[in-house]
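Please model the complete structure; the sequences and the hints are all you need to start from.
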Amino acid sequence: CGSCAVCRTGRSYRCPTVITRASANLTGAYAEYTRVGVAETLRLPEAVNFHAGALVEPLAVGLNAVKRAGLQAGDAVLIIGAGPVGLSVALWCRFFGARDVIVSDRVPERSQCAAQFGATGAIDASTEDVSERVRQLAGRAPAIVFDCVGIPGTLQLGVDQAPVDAHLVIVGLCMAADTFFPAKAIVKELHMTFAFVYSKEDFQFVVDMLASERIPAMALVTSTVSLENFPTKFEAMKNAGSDLKVMLEPELL
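So the mapping is simple: our numbering equals the position in the sequence shown, first residue as 1, plus 227.
Treat the hints as calculated values from the structure; they're not laboratory data.
Treat the hints with care, since some could be wrong.
To be verified - Taking lysine to aspartate or glutamate and the EDC-like style, the derived pairs with C-alpha atoms no more than 16 Å apart in a straight line are:
no., residue 1, residue 2
1, Lys294, Glu428
2, Lys472, Glu284
3, Lys427, Glu284
4, Lys472, Glu336
5, Lys460, Glu476
6, Lys411, Asp392
7, Lys415, Asp387
8, Lys427, Glu267
9, Lys415, Asp392
10, Lys411, Asp387
11, Lys460, Asp470
12, Lys472, Glu462
To be verified - Label-pair restraints from in silico Cβ distances:
no., residue 1, residue 2, range
13, Arg295, Arg235, 15 to 23 Å
14, Leu271, Thr420, 26 to 34 Å
15, Ser469, Ala266, 34 to 42 Å
16, Met445, Phe423, 23 to 31 Å
17, Phe408, Asn456, 42 to 50 Å
18, Gly380, Phe323, 23 to 31 Å
19, Pro477, Ala266, 25 to 33 Å
Backbone N, C-alpha and C define an ideal beta-carbon position, used for all residues, glycine too.
Now the structure itself:
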């Protein structure tokens with residue numbers, strides 16, 4: 228809104244008006260044109276093409292999460308979920324100096340992609356003991372655990388995987404009621420932080436890093452489809468699969 232106390236302190240992404248609207252069924256940006264505010268608009272430099280520009284948003288989500296985690300150089304981290312956001316978190320953890328970046332997912336094809344984003348180890352959560360594998364891969368427990376899934380049960384999973392005095396960062400946006408066992412988090416004295424989207428400054432930082440080619444953004448794109456074939460792909464994406472980001476290419480025939 229630009230006028231509330233939150234907006235005036237530069238945190239417009241936490242604006243109560245924006246958060247309320249974000250939960251409504253508003254028209255998205257698949258239209259030929261969409262309306263945006265000038266104050267919230269950034270210009271892509273010539274070094275960043277539209278394909279890379281389309282990935283600024285998911286990369287900014289990961290950036291904000293890592294900033295809120297208070298990551299220290301040399302840390303070991305566990306990332307639950309190897310989707311676009313989880314891999315973005317892995318990328319930024321490595322970028323900011325984490326020594327051990329372990330990514331866990333129940334879809335092996337996804338976790339196997341993690342090395343492209345700086346992960347030092349990947350875990351197939353469908354067949355492996357995550358805690359044991361983290362210790363084997365890193366030689367220690369993680370200082371930070373990121374929940375990048377956001378479905379009922381993953382909050383408790385994060386609490387289970389986090390060691391004593393660890394930082395649990397909840398990034399995945401769970402849209403259903405969920406429960407977890409608070410006593411387990413209390414006994415471990417966990418530090419819990421929830422991360423919501425990003426700031427304009429996060430967007431600008433991502434754009435700058437893309438322009439300087441310091442991050443492997445395009446590895447997030449696993450499929451490219453035309454407008455004609457997009458409805459079919461959209462339906463297929465409702466089922467869990469190995470795709471990360473699907474690029475919609477209007478000019479593709």
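Hints, verified against the model:
1. Lys294 - Glu428: At roughly 12 Å apart (the allowed maximum being 16 Å), glutamate 428 and lysine 294 satisfy the hint.
2. Lys472 - Glu284: 12 Å, holds
3. Lys427 - Glu284: It holds: about 10 Å lies between the C-alpha atoms, which stays within 16 Å.
4. Lys472 - Glu336: 14 Å, holds
5. Lys460 - Glu476: 13 Å, holds
6. Lys411 - Asp392: Judged against 16 Å, a Cα distance of about 12 Å means the pair holds.
7. Lys415 - Asp387: 10 Å, holds
8. Lys427 - Glu267: Judged against 16 Å, a Cα distance of about 7 Å means the pair holds.
9. Lys415 - Asp392: OK: lysine 415 and aspartate 392 at ~6 Å, within 16 Å.
10. Lys411 - Asp387: Given that 16 Å is the threshold and the Cα spacing comes to 8 Å, the pair holds.
11. Lys460 - Asp470: 11 Å, holds
12. Lys472 - Glu462: 14 Å, holds
13. Arg295 - Arg235: 15 to 23 Å: 21 Å, holds
14. Leu271 - Thr420: 26 to 34 Å: Since the Cβ atoms of leucine 271 and threonine 420 sit about 31 Å apart, the hinted range of 26 to 34 Å holds.
15. Ser469 - Ala266: 34 to 42 Å: 39 Å, holds
16. Met445 - Phe423: 23 to 31 Å: Distance hint for methionine 445, phenylalanine 423 holds at roughly 26 Å.
17. Phe408 - Asn456: 42 to 50 Å: 45 Å Cβ-Cβ, so the 42 to 50 Å window holds.
18. Gly380 - Phe323: 23 to 31 Å: Cβ of glycine 380 to Cβ of phenylalanine 323: about 29 Å, so the range 23 to 31 Å holds.
19. Pro477 - Ala266: 25 to 33 Å: 27 Å, holds
Violated hints: none; the structure is consistent with every hint.
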